[in-house]
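Asker: Sequence:
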Amino acid sequence: MKLTVLGSGSSSGVPYITGEWGQCDPSDPRNRRTRASVLIESDGERIMVDTGPDFREQFLRSGSGPIDGIIYTHGHADHVHGIDDIRALNQQMQKQIPAFGYDECLTEIARRFEY
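Residue 9 in my numbering sits at position 9 of the sequence shown; the count goes up by one each step and never skips.
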């Protein structure tokens, strides 16, 4: 099993849109952080954990490829607002990508993204 951390920043990312770095040292390039997301690869399958607003950038940087499923940890914007980019993957793969998560989380995602 391979686990790749695609993002480990706060809900706003680092630096903030205001240019603030919080406690992070801006001279260290590792401190430029996208929002939380993980790619799990095991037995030829690729599972995403969360698709935040930085998903497209993170996915392209990871080498892309098909996704076999998505796990949503909760329904906050910083964990789900990259969901629109999944549509292009669905079209390319010509199939739906299954999503997993707590019932409350998946219900909230379905409510907000009815399309």
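Any given hint could turn out to be false.
[What the hints assert, rightly or not] Simulated pairs of lysine to any residue, SDA-like, Cα-Cα distance not exceeding 20 Å: (1) Lys-95 - Ala-110; (2) Lys-2 - Pro-66; (3) Lys-95 - Pro-66; (4) Lys-95 - Gly-65; (5) Lys-2 - Pro-29; (6) Lys-95 - His-76; (7) Lys-2 - Arg-61; (8) Lys-2 - Ala-110; (9) Lys-95 - Asp-68; (10) Lys-95 - Glu-45; (11) Lys-95 - Arg-46; (12) Lys-95 - Arg-30.
It should be emphasised that the hints constitute simulated quantities derived from the structure, not laboratory data. Model, not experiment: these values are computed from the prediction.
Asker: Hint by hint, note whether the structure agrees.
Answerer: Hint by hint, here is what the structure shows:
1. Lys-95 - Ala-110: holds (18 Å)
2. Lys-2 - Pro-66: The given pair, whose Cα atoms are some 16 Å apart, holds under the 20 Å limit.
3. Lys-95 - Pro-66: holds (11 Å)
4. Lys-95 - Gly-65: holds (14 Å)
5. Lys-2 - Pro-29: violated (24 Å)
6. Lys-95 - His-76: Roughly 26 Å between the alpha carbons, so the hint for Lys-95 and His-76 is violated.
7. Lys-2 - Arg-61: holds (16 Å)
8. Lys-2 - Ala-110: Answer violated: Lys-2 to Ala-110 is near 30 Å, above 20 Å.
9. Lys-95 - Asp-68: holds (10 Å)
10. Lys-95 - Glu-45: Holds, at roughly 15 Å.
11. Lys-95 - Arg-46: holds (15 Å)
12. Lys-95 - Arg-30: Not OK: Lys-95 and Arg-30 at ~36 Å, beyond 20 Å, violated.
Against the hints set out earlier in the document, violations occur for numbers 5, 6, 8, 12.
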